[in-house]
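Given chain V's structure and the hints, the job is docking chain A with the ligands onto it.
Spelled out, the chains give:
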Amino acid sequence: MTSPLEAKSLSLVREGNAVLDGVSFTVARGEIFALLGGNGAGKSSTLLTFLGFLKPSGGEVLVNGQSVTGDVAAARGAIAYLPEAASLYGHMTAYENLDYFLDLAGKPAGRADLDAALDRVALPAEARTRRLRSYSKGMRQKTAIALALLRETPILLLDEPTSGLDPVAIDEFHDLVKALAGGGQTVLMVTHDVYGACQVADRVGLLRGGKLVGSFSAANGERIDTETVHAAFAERQAA
Amino acid sequence: MFASLAREARFLAKDRGALFWLILAFFLSCAAVSFGIAEVREQRETIAALIEEDAADRANALETQEDWGGAAYYAFHLTYAPPSDFAFAAMGQRDSSPWKHRVRMLALEGQIHEADTRNADFGLVGRFDFAFLAASVAPLLLILLLYDLRASERTARRHDLLVATAGSPFSMWLPRALVRVTALALLLLIPLWIGAAVEGTSMVISVTASGIMIGALLLWWLIVELVSRIDASASVLLTSLIGLWLALAIVMPAVSKAGIEAANPVPDGGEILLLQRETVNDAWDLPKAATMKPFVAEHPELADHAEIEEGFEWKWYYAFQQVGDQTAAPLVSEYRAARIARDRQAGLAALLSPTSLVERAFERLADTDALSMIGYEDRVRRYHAKLRAFYYPLMFLEQPYDADVLKKLPDYDANG
Ligand SMILES: Nc1ncnc2c1ncn2[C@@H]1O[C@H](COP(=O)(O)OP(=O)(O)OP(=O)(O)O)[C@@H](O)[C@H]1O
Ligand SMILES: [Mg+2]
Numbered sequence: 001m002t003s004p005l006e007a008k009s010l011s012l013v014r015e016g017n018a019v020l021d022g023v024s025f026t027v028a029r030g031e032i033f034a035l036l037g038g039n040g041a042g043k044s045s046t047l048l049t050f051l052g053f054l055k056p057s058g059g060e061v062l063v064n065g066q067s068v069t070g071d072v073a074a075a076r077g078a079i080a081y082l083p084e085a086a087s088l089y090g091h092m093t094a095y096e097n098l099d100y101f102l103d104l105a106g107k108p109a110g111r112a113d114l115d116a117a118l119d120r121v122a123l124p125a126e127a128r129t130r131r132l133r134s135y136s137k138g139m140r141q142k143t144a145i146a147l148a149l150l151r152e153t154p155i156l157l158l159d160e161p162t163s164g165l166d167p168v169a170i171d172e173f174h175d176l177v178k179a180l181a182g183g184g185q186t187v188l189m190v191t192h193d194v195y196g197a198c199q200v201a202d203r204v205g206l207l208r209g210g211k212l213v214g215s216f217s218a219a220n221g222e223r224i225d226t227e228t229v230h231a232a233f234a235e236r237q238a239a
Numbered sequence: 001m002f003a004s005l006a007r008e009a010r011f012l013a014k015d016r017g018a019l020f021w022l023i024l025a026f027f028l029s030c031a032a033v034s035f036g037i038a039e040v041r042e043q044r045e046t047i048a049a050l051i052e053e054d055a056a057d058r059a060n061a062l063e064t065q066e067d068w069g070g071a072a073y074y075a076f077h078l079t080y081a082p083p084s085d086f087a088f089a090a091m092g093q094r095d096s097s098p099w100k101h102r103v104r105m106l107a108l109e110g111q112i113h114e115a116d117t118r119n120a121d122f123g124l125v126g127r128f129d130f131a132f133l134a135a136s137v138a139p140l141l142l143i144l145l146l147y148d149l150r151a152s153e154r155t156a157r158r159h160d161l162l163v164a165t166a167g168s169p170f171s172m173w174l175p176r177a178l179v180r181v182t183a184l185a186l187l188l189l190i191p192l193w194i195g196a197a198v199e200g201t202s203m204v205i206s207v208t209a210s211g212i213m214i215g216a217l218l219l220w221w222l223i224v225e226l227v228s229r230i231d232a233s234a235s236v237l238l239t240s241l242i243g244l245w246l247a248l249a250i251v252m253p254a255v256s257k258a259g260i261e262a263a264n265p266v267p268d269g270g271e272i273l274l275l276q277r278e279t280v281n282d283a284w285d286l287p288k289a290a291t292m293k294p295f296v297a298e299h300p301e302l303a304d305h306a307e308i309e310e311g312f313e314w315k316w317y318y319a320f321q322q323v324g325d326q327t328a329a330p331l332v333s334e335y336r337a338a339r340i341a342r343d344r345q346a347g348l349a350a351l352l353s354p355t356s357l358v359e360r361a362f363e364r365l366a367d368t369d370a371l372s373m374i375g376y377e378d379r380v381r382r383y384h385a386k387l388r389a390f391y392y393p394l395m396f397l398e399q400p401y402d403a404d405v406l407k408k409l410p411d412y413d414a415n416g
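Residue numbers (full-length UniProt numbering), protein chains in the order written: chain V, 1 to 239; chain A, 1 to 416.
What the hints contain is simulated information worked out from the structure, not anything from laboratory work.
Heads up, some of the hints might be wrong.
DSSO-like cross-link-like pairs, simulated, lysine-lysine; straight-line CA separation at most 27 angstroms [to be verified]: (1) A/257 with A/288; (2) A/288 with A/386; (3) V/137 with V/178; (4) A/14 with V/107; (5) V/55 with V/8; (6) A/408 with V/137.
Reference listing, derived: stretches of chain A covered by chain V, where coverage requires no fewer than 3 residues with Cβ under 8 angstroms from a Cβ of chain V [what the hints assert, rightly or not]: (7) 8-19; (8) 157-164.
All residues carry an ideal CB built from backbone N, CA and C; glycine is no exception.
Bound conformation, chain V alone (with noise of 0.2 angstroms):
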């Protein structure tokens, strides 16, 4: 069976640097892989090339065994995304932009359904009427991630999602990402917080110097031991 996403010695550069160089994963259906690395490490730069806005400069990437460049429309089409530090419109509600985003998607959706959304990531349902600019960073974020949720895509492709989250949000976001994942979807998140990576991943895969160092996977149903995770993590970075 083909893996939802893959990338295949996968090589970057942007700007004359090179960011990635010969990167491979694979991530399988239902799967939850985190990509840890540190600033610049090129993580968003990982997700920006799933969706075809980077051409790789060496290798490929594929979504659902296809290549990404051949039809980016395709890739775009399976994959919700929610990038770094998700801005929607300020001069909306949240209705009125997860309407304008689910339009634009072509999967528009019915008021019940946006508030069953808004419900799972606990946005109040008081401020859903309020224009996104009287809102607080994280409740920005949360309606963000009420749009990745209503697309109800096959992969989603997580920025940093718990960035502006506040603990209880974090653990009610990572239960959800779980549950998504047990219902069969495939998410690559890319994050710096080992131990939000540790707690909701399947496997992290550790970015540096543009190569993978190092995979880490949960043995039968334990988590992944973020002091190793962390120990690695703190580890490349010094070297």
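Chain A with the ligands only, in chain V's frame:
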């Protein structure tokens, strides 16, 4: 496609910045159309009032006359070019060329060129009419509506999410821009259509004018689209686009106008007036044959009646008036040809400026272009020739004066 247009229309309805420019466009269009209608109404009222005075004044002047020469001397005849039913949208050359005269049997060219032009000084940009709005202001509004479509989303870090969600950039930016261009075009055109209905403009002209404006907006859209492909900040894009607009809408037309005028010197109307007046004045002191010879050359049918015996005879007087026109004729035709040449070259130069192209097209539709104004002057000449043809046999064949005959004086036909 319809769904995405509806989506972007709803989006536009919430975008205050864009709404501001669109509402401004609507108000400017309403203003331009109503100024235009007020202006053509005033011109029509002026003409109507003059028509009324014209007959009465002439009847009054003729009452006390005792010979043909006196009648011809004192009877003025109104000539005019009424504004067309589309002139409200493009006043064009009506602002700088005369559209009404009161002529009499005297030498004509001077009368044409001394006429009171309401030479309004509209400066560099010209009158604020719909043609100006459509040609010059609309592109600017379009630039303001479109220039930062992408750049603003990039700045807000929303660009990738939008495009990733839409699947292809095409299904995102095309409808968004199209909705804005359509809204702008409609808000500009609706007042024009109302004006056209009020003025009774023909459907063909309304549709053609709308098509021209839409075509120009599409061209500017293409320009904005190409420029905003440049990976630059919104302010750089805006600066470049405003620069292009200045070049195409203001500088290019001004430079080509100056160039064309320098390349085609036009003797001004004053020179014609002067030359003719000198000829006429000199004739008093010249031997009568010096006048009658060139006159008879033009009117061989009057050769047998061209003998002037007394010191003053009306037929001699009118002959030297006509010779005045004959003397001025080369200068007149030079003037006319130069204006036509200027106009033709301006037409070619307009190919470099969408603004000039639109303005010229509107003036053509409105019959307010240079050729229409020259056409009016030619109509005055034809009418004046009819007056001469009417009076000459009466004077030269020395028919007894009969006031009733003057009831058959030719009428000016504004469409003739
Ligand atoms: N728009 C851009 N143009 C050119 N180079 C860029 C651009 N964005 C990022 N880069 C470069 O690409 C490299 C990887 O950046 P990327 O954003 O993928 O890192 P990241 O792992 O997501 O970092 P962070 O944790 O800070 O989000 C960096 O060296 C960065 O300088
Ligand atoms: Mg990043």
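These are the hints, each one checked on the structure:
For the hint linking residue 257 of chain A to residue 288 of chain A, the alpha-carbon distance of about 46 angstroms lies beyond 27 angstroms, and the restraint is violated. Taking the CA atoms of residue 288 of chain A and residue 386 of chain A, the gap is near 25 angstroms; set against the 27 angstroms cutoff, the hint holds. A distance of roughly 23 angstroms separates the Cα atoms of residue 137 of chain V and residue 178 of chain V; the hinted pair therefore holds under the 27 angstroms criterion. This hinted pair checks out: residue 14 of chain A and residue 107 of chain V have alpha carbons roughly 21 angstroms apart, not beyond 27 angstroms.
For the proposed pair residue 55 of chain V and residue 8 of chain V, the alpha carbon gap of about 13 angstroms is at most 27 angstroms, so the pair holds. With a C-alpha separation of about 91 angstroms, the suggested pairing of residue 408 of chain A with residue 137 of chain V is violated against the 27 angstroms cut-off. Only residues whose C-beta sits within less than 8 angstroms of a C-beta in chain V count toward coverage, and the segment 8-19 of chain A has 5 of them, enough to reach three; the restraint holds. Evaluation of the coverage hint for the segment 157-164 of chain A: fulfilled, as 7 residues show C-beta separations to chain V shorter than 8 angstroms, against a requirement of three.
Going down the numbered hints, you'll see the structure goes against 1 and 6, while the others check out.
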